[in-house]
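*Asks:* Whole structure, please, built from the sequences with the hints as guidance.
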Amino acid sequence: MVAKGKKASADAVYAKKTVKSSNPFDNSAAQTSKRGQNQNPFDVHVNKEKFKILGRICKHDRGMPGVSRAKALQKRAQTLGQQFAVKHKTNRFKDNRIGKHLSGDQLTESVMNARYLAEKMSQVRSNQKAEKFNLNDDELLTHRGQTLEEIEQYRDERSDDEELDDEALDADFTSAAHFGGDGDTPQDRQSAIDEMIVEQKRRKNEIAKEKDEVYDLTEKLDANYKLLLPLVAKATKDEQDAKPPPDAYDKLLKEMIFEPRGSVTDKLINPEELAKQEAARLEKLENERLRRMRADGEEDEQASISQPKHRSADDLDDGYFMAGGDDLEDDTLAYDLEGNLGTHLNGKKNAQAEENENEEKDDEEGEEEDEEDSDEESDSDVDNLSDLKESESESEAEDTPQVSKKKAKKSTEKFPVSLDTSIPFTIKMPKTYEDFTEFLSKHAAPQKATIIERIIKCNHPKLEGVNRENVVKLYSFLLQYIKDLFEDASEQDIREHFQLLSKFMPHLYELTQLNPERMSNTLLEVIKEKYGEFRKNHKMYPSLDTLVYFKLVANLYSTSDFRHPVVTPCFIFMQHILSRSRVRTRQEISMGLFLVTVVLEFVSQSKRLLPAVFNFLQGILHMSIPKRDVEQLEITPPFERDGPFSKVLALPGNKECTKMEPQQLQAADLVTQTITPDFKVRALDTTLQLIKEALQLVEEHVGACYLAKPFLRLLARLPLESYPDHVHLHHKEATELAEKLAEQKMKPLAPAERKPKALRLLEPRFEAVYDDKRRPKMSKAKEERAKLLHKIKREKKGAIREIRRDTAFVQELKLKHTLQSDKERHEKVKRIYQEASMQQGRAQ
Amino acid sequence: MKRLAGKKDEDIAEPLAKKRLQAKANSLLNAKNVDIKTLEGFVKLLKDSPDNGVPAGEVMNVLEVIFKNLLKRITREGDEKQALKIHKLYEETWLLLRENLLVDSEGAVALKVCMQLIKVEAKHPIAPRKGWPTHRIREILDTLLNSEETPTNALANYGKYCKNLDVLEITLKQILELVPKDDFKDIPVKAMNFLSIVNLLDFGKTVLSTADYHVESAKSHAFNLEQNQKRLNNLWLAIMTKGSEVEEKLHRQILVVLLERVINHLNDPIQLTDFLMDSLHQFDGPIALLALQGIFTLMQKQNITYPDVYEKLYNMFYPRMFFNKYKARLFYLADIFLTSTHLPENLVAAFVKRLARLALQSPTEDAVIMIRFVCNLLLRHTGLQKLIRASHAIDEVSDPYNDSETDPVKSEAINSSLWEITLLQKHVVPEVANAARFINSSLPIMEFDLGPLLDRKECNIFDDELQSKAKQFALNYERPANLALPKNEFVTKYWEFI
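Chains A and R supply the protein sequences, listed in that same order. full-length UniProt numbering numbers the first residue of the first sequence as 1 and each following residue consecutively. full-length UniProt numbering numbers the first residue of the second sequence as 1 and each following residue consecutively.
It is worth saying that the hints were derived from the structure and are not from the lab. In this text, all values refer to a predicted model and were calculated from it rather than measured experimentally. C-beta atoms are modelled at their ideal positions from N, C-alpha and C, and glycine is treated no differently. Treat the hints with care, since some could be wrong.
[Unchecked claim] Here are the computed lysine to any residue pairs in the SDA-like style, where the Cα-Cα straight-line distance is at most 25 Å:
1. K487/R - A750/A
2. K528/A - C459/R
3. K487/R - E733/A
4. K325/R - R584/A
5. K457/R - F562/A
6. K386/R - A750/A
7. K709/A - R329/R
8. K493/R - E699/A
9. K487/R - R289/A
10. K181/R - S244/R
11. K536/A - K386/R
12. K607/A - E431/R
13. K100/A - S122/A
14. K539/A - L466/R
15. K536/A - D464/R
16. K745/A - D464/R
[What the hints assert, rightly or not] A few chain A residues that don't get close to chain R, going by computed Cβ distances all over 12 Å:
17. D61
18. K457
19. R495
20. K732
21. F809
*Replies:* Below you can see the structure in the form of structure tokens.
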């Protein structure tokens, strides 16, 4: 029963299969059946095969000898037969046209065109050589001997049905003149003709006159019509206005009318796409940056060390850009595709909106705004500055300056811009540095940035080749200017100088973008020179301008690179300063802290570490710990283990400082020597925060505990009682992080598990298949030759056969001819005999 | 601008003065009878040279030419009266030259003139004396010895002359007689000068094999090494008797002299053991290091045993040592001490861990040395490779290595792993990061040669970095609108600039 059931189901499957095979798409069966229908079964001759051999394709299993013979005959009749027919004839008609064999409906348009073209070509060839290169088709199309142009020229637009009545003689006249007329006879033929001529002339005159009149009238009408036209238009317009508002149907109709019928190939980029392109560009740049960040080969190692991360095919590294994308949307400033400066799109919108507001508020800026579209960028600059200013004023009131800054950014309060219109719009590149400084000194600080911007604009290398040198010169001037600003900065003006630098920053960036190599080399030369000075006495901190150059490098270059021609030397320089220079005064402490912040900025993305930073932070902590004279707390140079300088930052035991507000380090700290209690608090507070930042950066690395542990010892020794609350907070944070890192557990180093090496596989050795044909073994060339000879032999055979058949055909034709002529002759003879016999019969 | 012009004038004036001097000297020498007055004029010129604007160097050069010729002529002609006068002036000149020896800028020229004159005098000795003018050397040494500050310039130049065997021998003889009477601790400057001079006495193989002589005639009197070694021994004894309880700097100098010049020629170096041991135990830092080197020499040559030497060496590696003057020597010594493959693994492991730990705090150039050194140690002691090749089964642990333990054997380093090197791969300086990558692949076959690395300074690394031709100036792709970076800003977060 079960077995039976099984069989039944199997049958069903088979049935299904057969059904499947006869599906409508399987048309091979249909084709064969069609062919079968066309074939006459009596035509088909089947060649029987004795054995079926696998793998052999047999082409001769069936043939149609009758059909193919008929085909061959027909072909011969068309070729050989034709030739035979015109044999020995001298008056042959030779048709050399293209497609001469075609007839009737076979002569298609294309054939005709080909003929026309060939004709043209032969004409061109026969023409003079001078016209060979004439691109203008100067063959004139004519109509009745006049060129079409001429006809167009003299064409009268007016209807010409009047002229239709030709100048033939009218019916009366002709009937009278030609056919003699009826009753009234003319006096004389001569007079009649004269009369006719006169009549004719009069008529012509009349017609001409009438024509002239009509022409004048139409002219007049035309003129009037032109006058009337505006009135008519107005009337129609009013009529349109009066139309009822379009209903849904009308709208739909209009929409359908105006619906684009095809996509434009090079359409305008809409905002979303622009944003998308921008995002793609940034992604590309970011990927490049990441690639540079890794050392050569590091990647492979990491890949081999860590387990290969599972990545699905759909994984498109979205993670990173989801993170970065948000703030991209917010306010990223970036270059667009052509490298023109401009804010990111959304930012642009905002800026424009603000601009509009501004324009409404005061028209003073009007002139400035219509100058260049990038002014909005400078505008946003100004805005940012206003934000910062504001944050400064508010910082005292608020807990964290970070928050206040953000808030300030949102507020749309305007910075009182008093841009002087006295700055010329085009500024020539100053020849010497003295000219440059002189020119800048004439203007107030906020205008200096504008001046720089305009100089860049006027000397953009795109405008002129010479400007390439000019911008390099401008860059070196700016570097020199920065040096002059900061080298001898005093407590009063340092803040101002930093503001100015801040405004220069975007322009310096632009300049660097213009010619990275030249500009970088200029900057590198400056740094080299600074290092040369520093190395002479590495116990002394270099001047402030050197530090400012480092900050410049951080802003301009991709500092995360594994190796970078500008950044890496800076790293070494900074490390050298931090590890060797003596730290004693307020200026030296703040310079060191400044360097530490700059270094952290450098490594913020690459997360690499500079040991000197950690040593320096430890040193500052060490300085803040009050020590008794005898006791020594181990610390590395340049910090001193004992003596008065080992505790310059330590606060006296009293509690006068506990009420201090949180404060950032001040610009003035970089130029002042004396250490005040508020500076002590400030420096320690910043140090604690920086410790946290620095440790956070290296958090993920294996072995971060070694960097964190030394801090713990010092942090524990810090007497917190005399410090304000915010220091307590930061101390706690730093300690917690350091403790967390110090307890890091690590996996002992082990080489990456390598894949087991696969056994060497041997190539399978194929032997030549032995078929039972005994051929002599030959070299390759010989074999080739033998093949060719064989082919020739076969071809020759075929050709001989063809010739033989041709001869047979011709013979047959000849025979037919002879037979036919014999037959004719017979008939003639017969007829003659007949006639002769009849004559004989008559005669008898 | 004005100053510049003035300088130019000086530039022109100098060769003029020189020419005039030379012309005058020529005329003096060409005259048959020596014009004593002119000669006196020259000497006077030298006497108040810094004030009268004539450069002392030129005058000394001219005087050298004059006296060279005159000394020859006197011996030939022998006009007694005139000779006496000339000799008097000659002595006066010597006094002036000795004064000039101590002037920093003129020291080199003065010394050159002195030595040239000695050469001539040796050929044409002045009446009562004969042969080598040893008293001149004594005079020079006396001057150098009694100078207020250490005359580094003159000393360095004198060192060159001391490569000549005759000068060397005479200097040694003279200096023996010139040993200061007082203890070193009372006269630190003089003692320093004395030691510096002793430090010039080089009995090295190169000097002996070249066998140069300052005065040709001295060649006949061959240099007797044994005798001189004896003298050196005596000298050392003198130093030892005087040089007790001296300050650090002098002590260091004594050790340097001992190590560089004396120790190889001592008859009985074992006697040094106490001195070296005391130095080793009482001091740390450079002195201990130098003492250790001395002990090492003793261990090599005299076969003394010093059980704690590795512990001592181990404890010399601490963060402060990167700022020592003799850190290259320390690395060199450590390399030699740890050459033996028969050292216990846990001892070497402790060194490896300590070095790696220190590399995390050290300046760049030392970090490279230490990483290479660690690599060399791993190559020498293949058993240590378990520090980087743990078996896979082990779980995560915190580092068992105890870096405050002074005994290397007890520091548990052998159970640790070299995480420091992995961390160093994240160093910002590419050279260090690349050096630290050695643990990722199979170790190199050959050891690294530390020699060239030991002399490198921070600035060399800077220069190398500038030389590397990776000239792709990758720029920041986000445009800074002001001082702050678009993201990851630190500077404006902690600084209030605007």
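*Asks:* Take the hints in turn and mark each one as holding or not.
*Replies:* Structure-based check of all given hints:
no.: 1; hint: K487/R - A750/A; in the structure: 37 Å, violated
no.: 2; hint: K528/A - C459/R; in the structure: 11 Å, holds
no.: 3; hint: K487/R - E733/A; in the structure: 23 Å, holds
no.: 4; hint: K325/R - R584/A; in the structure: 22 Å, holds
no.: 5; hint: K457/R - F562/A; in the structure: 22 Å, holds
no.: 6; hint: K386/R - A750/A; in the structure: 8 Å, holds
no.: 7; hint: K709/A - R329/R; in the structure: 30 Å, violated
no.: 8; hint: K493/R - E699/A; in the structure: 20 Å, holds
no.: 9; hint: K487/R - R289/A; in the structure: 15 Å, holds
no.: 10; hint: K181/R - S244/R; in the structure: 14 Å, holds
no.: 11; hint: K536/A - K386/R; in the structure: 45 Å, violated
no.: 12; hint: K607/A - E431/R; in the structure: 17 Å, holds
no.: 13; hint: K100/A - S122/A; in the structure: 18 Å, holds
no.: 14; hint: K539/A - L466/R; in the structure: 23 Å, holds
no.: 15; hint: K536/A - D464/R; in the structure: 18 Å, holds
no.: 16; hint: K745/A - D464/R; in the structure: 37 Å, violated
no.: 17; hint: D61; in the structure: 68 Å, holds
no.: 18; hint: K457; in the structure: 16 Å, holds
no.: 19; hint: R495; in the structure: 7 Å, violated
no.: 20; hint: K732; in the structure: 18 Å, holds
no.: 21; hint: F809; in the structure: 82 Å, holds
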